[in-house]
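Listed here are the chains, written in short residue letters.
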Amino acid sequence: GENVEQHPSTLSVQEGDSAVIKCTYSDSASNYFPWYKQELGKGPQLIIDIRSNVGEKKDQRIAVTLNKTAKHFSLHITETQPEDSAVYFCAAVGFQKLVFGTGTRLLVSP
Amino acid sequence: NAGVMQNPRHLVRRRGQEARLRCSPMKGHSHVYWYRQLPEEGLKFMVYLQKENIIDESGMPKERFSAEFPKEGPSILRIQQVVRGDSAAYFCASSPERGNGSPLHFGNGTRLTVT
Numbered sequence: 039g040e041n042v043e044q045h046p047s048t049l050s051v052q053e054g055d056s057a058v059i060k061c062t063y064s065d066s067a068s069n070y071f072p073w074y075k076q077e078l079g080k081g082p083q084l085i086i087d088i089r090s091n092v093g094e095k096k097d098q099r100i101a102v103t104l105n106k107t108a109k110h111f112s113l114h115i116t117e118t119q120p121e122d123s124a125v126y127f128c129a130a131v132g133f134q135k136l137v138f139g140t141g142t143r144l145l146v147s148p
Numbered sequence: 199n200a201g202v203m204q205n206p207r208h209l210v211r212r213r214g215q216e217a218r219l220r221c222s223p224m225k226g227h228s229h230v231y232w233y234r235q236l237p238e239e240g241l242k243f244m245v246y247l248q249k250e251n252i253i254d255e256s257g258m259p260k261e262r263f264s265a266e267f268p269k270e271g272p273s274i275l276r277i278q279q280v281v282r283g284d285s286a287a288y289f290c291a292s293s294p295e296r297g298n299g300s301p302l303h304f305g306n307g308t309r310l311t312v313t
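Residue numbers (the numbering used here), protein chains in the order written: chain Y, 39 to 148; chain P, 199 to 313.
Source of the hints: derived by calculation from the structure; they are not laboratory data. Keep in mind the model is a prediction, meaning the values are calculated, not measured.
DSS-like, lysine-lysine: derived pairs with alpha carbons at most 25 Å apart:
hint, chain 1, residue 1, chain 2, residue 2
1, P, 269, P, 225
2, P, 242, Y, 109
3, P, 260, P, 249
4, P, 225, Y, 80
5, Y, 95, Y, 60
6, P, 260, P, 242
7, Y, 95, Y, 75
8, P, 242, Y, 80
9, Y, 75, P, 242
10, Y, 95, Y, 109
11, Y, 60, P, 242
12, Y, 109, Y, 60
13, Y, 75, Y, 106
14, P, 225, Y, 75
15, Y, 60, Y, 80
16, Y, 106, Y, 96
17, P, 269, P, 249
18, Y, 96, Y, 109
19, P, 242, Y, 106
20, Y, 75, Y, 60
21, Y, 75, Y, 96
In isolation and in its complexed conformation, chain P is listed as follows:
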């Protein structure tokens, strides 16, 4: 009974490179959320996706960041031309229903370090 799986756990990129973060939701969950956590801070909402659809991307920077959740395969958070300020822990969560009243189950995150 696997939980939310994120990979890689740690990712190091040089400035200007691309970062791809993957998230496989829990079995039977079709709703995926991405959150970003800076050191010693809370979790900030980035984007909410259902299969093949972006529902809410109000927390995602308009430049360089994109997310997808294809019909088959994991959800991908993609950061192009990374900068030092992108260094953070990125968490994915999934739920079987829309977020209103449905518990979110989180993965253990991908820690991105930009050098």
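Looking at chain Y on its own, in the form it has when it is part of the complex:
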């Protein structure tokens, strides 16, 4: 089945810096890659997703890139703000279900 690895596990940046989180997946048949943000005490919230026929997607300060050949995808957050502090999860669609990475705890210091 699908296996998703995510790095780094923790990431500390200064406000205004950029943050990059990287994931790799194992199943070459996976075709959908969402990213979720989880704040303390809440459920994961979808922030951006990308499909396998697209190499890059942007939404304001957030962008995701996908390299199908290498089987890796990345989340880029520019001009980080303290409210971006949370745990971020990447995911890939295995057979009929999402498989999640282990999460990255992002801390943005003012």
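With chain Y's structure known, arrange chain P on it following the hints.
Same frame as chain Y, but now just chain P:
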């Protein structure tokens, strides 16, 4: 426009008791997924259901755990004879279509504590 609703938010059970977790999907969504999250860990898939059918239960322990999604009413995750290792946050997600390429919308979870 309610999202995925889970209740209770917090549930405390003694070892050996039963835990029932409820999930009402978003309006118009007929696909429900249950995930478990241990402290400081990621989300682990448990089970995928459509109305009245279990599609994939490959992530669910074979003993003590069961799930249903009846024609009417919420989806239920049931844990019998709970043990301390069952303490975790349980999240439900729903989608309007099968998971391949369809975004999942999560509830805020039920935090189960077994004493």
